[in-house]
Amino acid sequence: MVNLREIKGRINSTKSTQKTTKAMQMVSSSKLRRAEQNAKAYVPYMEKIQDVVGAIAAGTKDSGHPMLTVRPVKKTAYLVIGSDRGLAGAYNSSILRQVQRTINERHKSKDEYVILAVGRVVRDYFVKRDHHVISSIVALPDQPTFADIKEIARKAVGMFIDGTYDELYMYYNHFVSAIASEVTEKKLLPLTDIAPATGVASYEFEPSGEAILEVLLPQYAESLIYGALLDGKASEHSSRMTAMRNATDNASDLIAELSLQYNRARQAAITQEITEIVGGAAALE
Amino acid sequence: MKTVAVSIVTPDGPVCDSEVSMVVAKTTSGEIGVLAGHIPMVAPLAIGAVKLKQANGSTELVAVSGGFIEIRPDKISILAPSAEIAENIDVKRAKEAVKRAEGRIQNKQDDIDFKRAELSLKRALNRINVHEGNI
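Residue numbers (our numbering), protein chains in the order written: chain A, 411 to 695; chain B, 2 to 136.
There may be inaccurate statements among the hints.
Stated by the list, open to error - Here are the simulated SDA-like cross-link-like pairs (lysine to any residue), alpha carbons at most 25 Å apart as the crow flies:
1. A:Lys458 with B:Lys52
2. B:Lys116 with A:Ile544
3. A:Lys458 with B:Ser83
4. A:Lys485 with A:Ser545
5. B:Lys123 with A:Phe556
6. B:Lys52 with A:Ile544
7. B:Lys27 with A:Thr594
8. A:Lys450 with B:Lys123
9. B:Lys96 with A:Asp558
10. B:Lys54 with A:Glu616
11. B:Lys96 with A:Glu616
As the list claims (entries may be wrong) - Listed below are several chain A residues computed to face chain B (Cβ distance under 8 Å; list not exhaustive):
12. Tyr455
13. Lys458
14. Ile466
15. Ser612
16. Glu616
17. Leu626
18. Gln629
19. Tyr672
Rather than coming from a laboratory, the hints here were simulated on the basis of the structure.
C-beta atoms are modelled at their ideal positions from N, C-alpha and C, and glycine is treated no differently.
Sequences and hints are given; from them, build the entire structure.
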């Protein structure tokens, strides 16, 4: 016979776990709302800067700016955007799997690439496997501001310019909807896929096109990184929310099953007691 | 007087959107004043104040920390890493930033830190100046 007290204990512990996961789900869903707002607030800036970069890049062909020139690739850098904490379902693992697979395909030795890590989970993963992690940033706030990531963005762009690596790929989870996100690879540097601008074409440049590219391109690359980060944050919160909702649902199922077991065992005990009493009474007659 | 639409946007969202009669901004090669119907132009901005002259004669000040200005005949956009309207500036924070930066400049360790401290000092002073309106 199943021990009644044991089942009761399991029900209670599952219930308290459920409380935690439920709370985490609610926290994540409110964070997700904020993250979506941030991403939305960022759109006008991104569109504008893309517009201007496109117009200028189209106007000044072959400017020879280092960020636009394709060099023979000796070293590749991967900027991987993940999270600091786990409990977010497949958020980190899917991105790490994808990066690892790409690295295995493209490179033969560990000297051919370097890693820039955003998020503790990502950093620990690559450090543990002895990859060259040349830069990392951890403990980003849940609602990062531009100032928070300026450092790593500037470093990433700076190291491309000074020749530490010859191309830079960015990996992040693109936020599709509250229940879906997809791992996205984006070639960040050199900037080869600048969309030509629509609308007004010919600008006057003050003082010159080159001088403006000098200011504009790093800002553009930094803002691409920031955009990816906001996107990543939104999908982090959404996948944590989904993971926690699944955990809460599972806990409910488990509790229902255990309650059934508990009631059955209790009923069995009662039935047995009655049978014993009736049996005892019959023996006396 | 003809007016022109101006919008100042930062990565953290739009800072201001309005119709003004003139925009005065400090570019890296000097101050420029822009009226409606200006030819299309792009120029990088220095750390400084952007003056938005309204049609009724009043002037609004916005502190910007670099970035650039994009001018079209009917629309002016300013894209900056950060920008604040004068009355929204947190002077206390700016003053703290000034102190911090000055401290760093005094015991300078290497060139990069020194440059960075200098820039943040500039930005903080700019914010204080804009808030107090002495441009």
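Evaluation of the provided hints:
1. A:Lys458 with B:Lys52: holds, 21 Å
2. B:Lys116 with A:Ile544: Status holds; Cα separation ~23 Å.
3. A:Lys458 with B:Ser83: Holds: A:Lys458 and B:Ser83 sit about 15 Å apart, inside 25 Å.
4. A:Lys485 with A:Ser545: With a Cα-Cα distance of about 15 Å, the restraint between A:Lys485 and A:Ser545 holds, given a limit of 25 Å.
5. B:Lys123 with A:Phe556: holds, 19 Å
6. B:Lys52 with A:Ile544: violated, 43 Å
7. B:Lys27 with A:Thr594: Not OK: B:Lys27 and A:Thr594 at ~39 Å, beyond 25 Å, violated.
8. A:Lys450 with B:Lys123: Answer violated: A:Lys450 to B:Lys123 is near 30 Å, above 25 Å.
9. B:Lys96 with A:Asp558: holds, 20 Å
10. B:Lys54 with A:Glu616: This hinted pair holds, its Cα atoms lying about 22 Å apart.
11. B:Lys96 with A:Glu616: violated, 33 Å
12. Tyr455: holds, 5 Å
13. Lys458: holds, 5 Å
14. Ile466: Interface hint status for A:Ile466: holds (6 Å vs cutoff 8 Å).
15. Ser612: holds, 7 Å
16. Glu616: holds, 4 Å
17. Leu626: holds, 6 Å
18. Gln629: holds, 7 Å
19. Tyr672: violated, 53 Å
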